[in-house]
Amino acid sequence: MNIENLVQINETEWEIPTYIRSDMRVPVRLFATRELLEQIINDKSLDQAVNAATLPGLVGSVIVMPDMHQGYGFPIGGVAATEYPHGVISPGAIGYDINCGVRLLASSIEFDSAREQMDMLATVLNKYCPSGVGKAGAIKVNLKELDYVLRDGSRWALKNGYATQADLARTEETGSLEGADPDMVSERAKARGHEQIGSLGAGNHFVEVDVVDEIFAEEAANVMGLYKGCLTVQIHCGSRGLGHQVCTDYVHEFQSAVRKYGIDLPDRELVCAPMDSPEGRAYMGAMRAAANFAFANRQLLAYSARRAFEEVFANQMRNWHLHQVYDIAHNMGKIETHEVNGKQIKVCVHRKGATRAFGPGSPGLPPEYKKIGQPVIIPGSMGTASWVLVGTEDSMTRSFGSSCHGAGRVMSRSQAKKEVRGDVLRQELEARGIKVRAGSLPGLAEEAPSAYKDVDMVVETVSAAGIAKKVARLKPVAVIKG
Amino acid sequence: MGFEEIPHTADWSVLVWARDLPSLFAESARAMNALAETVTTQGPHVNRAFEAKGHDIESLLVAFLSELVYFQEQENLAFDTFDIQINSQRMSANIEGNEIISVDKAIKAVTYHNLKIEETARGYEVVIVFDV
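Chains A and B supply the protein sequences, listed in that same order.
Just so it is clear: in the first sequence, position 217 is 217 by the numbering used here, and no numbers are missing.
To convert, take the position in the second sequence, counting from 1, and add 1000; that gives the numbering used here.
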């Protein structure tokens, strides 16, 4: 696949038509500039997008976002909608880290007044937010309690004193997917998850303290409680070992389901089953349970972040509190209603490395966000910038209410480790005033800014395409990762 | 037999080769340990045994490696000695290893992406992509 195979619609939109390959059921629509496409043309993203376009029951187009890169079957930055109930659901099109996502908290603490406490804040956040390979969470739940976490998600956290109602209202799906079925989650998945709740994990997961650097939409920023020069916190993580095992279990299970339902696919990682089949319903129940685990996980980490802020700031200022802006998923399958060819159709929207970006007036938003649109949180690479956007009416008609999720990698992890030394990177970040707590220096090197696309360019693309609108740019001042 | 890493944008990919299928499975496990940069204690080995079922040889490989991922995460064990029997859609393994001192990379899962065990001049080869 090369750029010449693509039909350019405009500066930020391209199409791979179905005549490119005979097994494509729908076209692929890409939101990208030529420059961003040229960065990924040598990886397999476009081939993977074409493969994704072979899933049974697809409607509209497969959508790919400007932060796209090669995945292990479905491209990262991909969105695909299958018609409910007979269309398929594909665990690989949602990902192993079910409900990996980002939560944004904000404050009215001015960075200039808190600058001297940043080092301590980084240390205390590192203390309260466990990170690293295999690290357990701050709290332990027994297996019986875990079933409540899987069924209720953030509602479990509320009942147990780790959340407020405002937190739930400002979480996608109020942090609790209906139809979660803990009985569809294997004992092995539960064994992996019950000690990990309230932990970050490793890899590209992090807690980051940022400053609101620039505001682009004053009204929306005010509604969200984002104030220029004030501190915010991002929490990026997912469903840990529990989610990974759920996906592993069902990708394995669905190897026989595709034979049973006569589904022929170009990549075994795309295995799927009709949503209304026993296999499809079982996975849906398990996936929702894992998603609820991740919502609860991020809620516990938010509780821990609040403890850290209290410990560092409460004796100096009255208003040290962190309020929730929003919590979004970027690996998920959701039943939603969208307009396709002029008709309202119920679909399963698979988002893998893509964020829901509902426009103003959309269902499921709290009242204050119904007017402005759903917040979309875009973490950039470490040391660069992150963004807060809102969904638009255009996203509802052109991208199944979706937007990008981050900067998107351009370099392999091994190449990043060859080019960047973790200790040097840490020194460079610290020299720029960014406090770093990293459990692994090689892991830090893998996440070097040079391994990622320019997040500003990714955000400009979705903004120019009209599927999201800029609200605020955030600048990092502390990074905690495993 | 041996293995070498293949560049992948966001995950980890490795080419593994060996003279026969049990050796391919064992070498794939060693490749996974190498990717994760697993360091274990020295001394007497810990033993484990398990069986797995799969629809084909590739499914068995995923099931085998997934079992090792589970042991690493749940019991903090990594394995370097393998006695593997493969029979159509079933496999059994007696494995020996040690407690993990450190792991640099968490392997979330073993994927089926482009997974195809092929017969070649040096026996069998496979490219495995891990989600990390």
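Each hint should be verified, as a subset may be incorrect.
[Unchecked claim] Sample of chain A residues at the chain B side, in silico, Cβ under 10 Å:
#, residue
1, N10
2, E11
3, I76
4, G132
5, G241
6, N319
7, G353
[Stated by the list, open to error] A few chain A residues that don't get close to chain B, going by computed Cβ distances all over 12 Å:
#, residue
8, E38
9, R240
10, E269
11, W320
12, A451
Hint data in this document are derived by calculation from the structure and do not stem from the laboratory.
All residues carry an ideal CB built from backbone N, CA and C; glycine is no exception.
Results of checking the hints against the structure:
{"no.": "1", "hint": "N10", "in the structure": "violated, 27 Å"}
{"no.": "2", "hint": "E11", "in the structure": "violated, 25 Å"}
{"no.": "3", "hint": "I76", "in the structure": "holds, 6 Å"}
{"no.": "4", "hint": "G132", "in the structure": "holds, 9 Å"}
{"no.": "5", "hint": "G241", "in the structure": "holds, 6 Å"}
{"no.": "6", "hint": "N319", "in the structure": "violated, 38 Å"}
{"no.": "7", "hint": "G353", "in the structure": "holds, 9 Å"}
{"no.": "8", "hint": "E38", "in the structure": "holds, 15 Å"}
{"no.": "9", "hint": "R240", "in the structure": "violated, 9 Å"}
{"no.": "10", "hint": "E269", "in the structure": "violated, 4 Å"}
{"no.": "11", "hint": "W320", "in the structure": "holds, 33 Å"}
{"no.": "12", "hint": "A451", "in the structure": "violated, 9 Å"}
This entry does not satisfy hints 1, 2, 6, 9, 10 and 12, going by the numbered hints stated previously.
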